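Chains as they are written, first to last, in the working numbering: chain A, 1 to 179; chain B, 1 to 168.
Simulated from the structure, these hints should not be mistaken for lab results. Incorrect hints may appear among the rest.
What the hints assert, rightly or not - Calculated pairs, DSSO-like style, for lysine-lysine (alpha carbon to alpha carbon, straight line, at most 30 Å):
#1 Lys121/A <-> Lys70/A
#2 Lys121/A <-> Lys93/A
#3 Lys143/A <-> Lys25/B
#4 Lys168/A <-> Lys25/B
#5 Lys35/A <-> Lys13/A
#6 Lys168/A <-> Lys93/A
Quick caveat, the model's predicted, so the values are computed rather than measured.
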Amino acid sequence: MKLGGLKPVDDRKIIERVLNGDTEAFNLLVRHWEKPIYNFIVRMIRDRDEAMDLCQDAFMKAYRELNTLKDRDRFSSWLYRIAHNTCYSKLRKDAGKTFVELAPETRAAGNPVESRLAVEKALQHLSDDQREVVVLKVFHSLKFDEIAVIQAAPVSTVKSRLYMGFEKLRSILGDQSPR
Amino acid sequence: MSHLGERIADYVFEELSASEIAEAKRHLAQCPDCCAQVEQFQRTHAMLNVLPDVDPPRSIVFEFDKPPVSRLWRWLVPAAAAISLFIIAIVLAGNIHVQWRDSQLTIAFGQIITPAETDQAPLAMEIQRLQGQLAYLEDRQQKIERDSVATASTISLLAQSRRPRSGD
C-alpha cells in the first residue's frame, strides 16, 4: 500500500556499488528510503524534529554497517530493523516522561484533518510493540515474518500484537470507517 | 474449514496462498461470525488509512571524504621526499662541515679546512710553485752536466787525435 523505496534488485545493485567503493551511491538508497523510514519513525515517536534526527542516525548506522548485511535482497527489512532500534532507544529514554494531551478528543470525526489527528493520537495509546506492528503492517505493508525479524519475536506474537492493537484502536476511535 | 481465527489478519492483508484464500472465502460465505470479524478488521484497517505519508522536513545527503588511497598518496609524496633528503644528509653527514667566521657562513663538504690552512693557502701555493721551479732547474742542471761530460770526452778524443806520433 504505502511502500517506498526501490525494488530489491535495485537495492542490491546499489549496495554492491557502495561496497565496491562507490560511496556516493549510498545517497541513492537514502533518497529512496528516507521518506518511508522518516514516516515510520514519526508514527512511532510523534515528534517530527526528533524523527528527522533519528532518521539521519539510522542511515548513518546503515552506511557504517552495510558490509554486515547478509542478504542484500532484504535491505528494507534490515533498514527497518535499524530504524526500530533507533526508535526504541529514544522511547526508552522518554519512558519516564509524561506527555500532556492538549486535545483529549480522539474519536474519529467526519473532518479529514480531525480524523488524521484522531488516528495519530489513538496510535500513541498503544504499547510501543503494538504500535510498531500496526504501523509496519498498515502503513508500510511489511509481511508478518519481516516484522517478526524486526521485533525479534515469533510471528504468532506479532499477529497477537496486531489483533490487540486493532481492538484498542476500535475502542478509542469508535467503530467507524470513512464513507 | 474451521473458523479463521488468527488467519483473519492473513486473509485481510493477503498473506494466504491462492488455495487458502479460496478456502477462506468458501468458509466466510457460510460463517457469519467469521464474516463479521473480517469486516470489523477491514473497517479498522480503513480507518487507519486516512493517515498519509508526510515528506521529511529536509533531505538527508551524505558527503563522503575522498578515497583513502588519494589521501595516503598526498601524505606519501612529501614523506618520501623528506626521507630521501634525510638519507642524503646521513650519507654526507660525515663530510659536511658548517663554519661561521667573519660574518661568513661556510658549508664545507669533504675534508675539514682549518682557519690556519685557509690563511696559508697562498703561501702553500707559492711553495708548490717554487718547488716545481726548483725541480725544473735541477733537471736542467743534470742535463747540463751530462752535456759537459760529453763535451769533455769529445775534447779529449780530439786532443789525442792531434798528438804527434813518436816515430816521425
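*Hint check against the structure, violated hint numbers in rising order*: As far as the earlier hints go, only 1 is violated by this structure.
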